[in-house]
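Heads up, the final residue of the sequence shown is numbered 180 in our numbering, and it's a clean run with no missing numbers.
Calculated directly from the structure, the hints in this document are not laboratory data. The structure displayed is predicted, hence computed values, not measured ones. We put the beta carbon where it would ideally sit given N, CA and C, even for glycine. Be aware that one or more of the hints could be misleading.
[Claimed, not checked] Derived Cβ-Cβ restraints for the label pairs, each shown as a range:
1) Gly125 / Glu170: 38 to 46 Å
2) Phe70 / Gly33: 17 to 25 Å
3) Leu164 / Gly118: 42 to 50 Å
4) Glu115 / Asp144: 20 to 28 Å
5) Tyr96 / Ala41: 42 to 50 Å
6) Arg30 / Asn94: 27 to 35 Å
[Stated by the list, open to error] Simulated crosslink set (SDA-like; lysine to any residue; CA at most 25 Å straight-line):
7) Lys38 / Thr146
8) Lys67 / Glu167
9) Lys67 / Asn34
10) Lys38 / Lys126
11) Lys154 / Ala37
12) Lys42 / Arg127
13) Lys174 / Met143
14) Lys38 / Arg52
15) Lys38 / Leu116
16) Lys157 / Asp137
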Amino acid sequence: MGESGEKWRKMIIFANEFEFNNVRMRFLGNIEAKTDAKGRVFLPAAFRKVLQASGQEALVMRKDVFQDCLKLYPESVWNEQMDLLRSKLNRYNRQHQEILRQFVSDAERIELDGNGRFLIGKRYLQLAGIDRDVKFLGMDDTIEIWAAEKAEKPFMEAELFGEALEDVMKEVKNED
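Modelling step: build the complete structure from the supplied sequences, incorporating the hints.
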C-alpha cells in the first residue's frame, strides 16, 4: 500500500473509532427482574445492547442521591459526572472534600459476567430496600434499579406531572 493509501486507512480507522466512542447512550424502558440468592441480577438485554453499541463494558453503581434506588452509570458517563463535580469543588475546602468523599464512597465499579449478570452487594440491596424483585428503569444515559414494590406506583400524580412538565417546557424556546 502506498503512502497516501496508508494515510487514508489510518484516517478511516480514526474516524470509525471517534464515531464509535462518541455514541450517545439512551436507555429506555421499565423492565422487571429478580435477584438470585447471592444478589446477582441480569442486566436487561435491551440495556446491554445499548452498552455494547457504545463500546462500554464497565458500569459504576451507587445509591441515588435523592431516591431509595441504585443508579448505574456507564463508566464514561460516571467519568463525566466526576469531572463536573470535581470542577465545582475546591480541594482545600473541608465541606467540599466531605461532599466528594460521600459521593464516591457510595460507588462501586461493576462488570458484567459472560451471561450479562452482575452482583448487587448486600449493602446496596439494603440501601435501596431491595429484597428480590427489582425494576430497571432506563433514565436516558443512566439506569435506575428499584425495589419492584417501590416502582409500582407513579412517581408523580398525573396532574402534578403534567403541570411540572408544562412549567419546565415553558422555559424551552420554541424555534419553529
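The hints, checked one at a time:
Checked against the hint of 38 to 46 Å, the pair Gly125 and Glu170 passes, with Cβ atoms roughly 41 Å apart. For the pair Phe70 and Gly33, the supplied restraint of 17 to 25 Å holds, since their beta-carbon distance comes to about 21 Å. A C-beta distance of roughly 44 Å is found between Leu164 and Gly118, which places it inside the suggested range of 42 to 50 Å. In this structure the hint that Glu115 and Asp144 lie 20 to 28 Å apart at CB holds, the actual value being about 22 Å.
Range check, Tyr96 to Ala41: Cβ separation about 47 Å, and the 42 to 50 Å hint holds. For Arg30 paired with Asn94, a C-beta distance near 34 Å keeps the hint of 27 to 35 Å intact. For the given pair, Lys38 sits about 20 Å from Thr146 by alpha-carbon distance, which is consistent with the 25 Å threshold. Restraint check for Lys67 and Glu167: not satisfied, since their Cα atoms lie roughly 28 Å apart, outside the 25 Å limit.
The straight-line distance between the Cα atoms of Lys67 and Asn34 is roughly 19 Å, inside the 25 Å bound, and the hint therefore holds. For the hint pairing Lys38 with Lys126, the CA-to-CA distance comes to about 15 Å; that is within 25 Å, so the pair holds. Using a Cα cut-off of 25 Å, the hinted pair Lys154 and Ala37 holds, with the two alpha carbons roughly 14 Å apart. With a CA separation close to 12 Å, the supplied pair Lys42 and Arg127 stays within the 25 Å bound.
At most 25 Å may separate the alpha-carbon atoms for a hinted pair to count; Lys174 and Met143 meet this at roughly 22 Å. The straight-line distance between the Cα atoms of Lys38 and Arg52 is roughly 17 Å, inside the 25 Å bound, and the hint therefore holds. This hinted pair checks out: Lys38 and Leu116 have alpha carbons roughly 16 Å apart, not beyond 25 Å. Between Lys157 and Asp137 the alpha-carbon distance is near 15 Å, which keeps this suggested pair within the 25 Å criterion.
Hint compliance for this structure: hint 8 is the single one not met.
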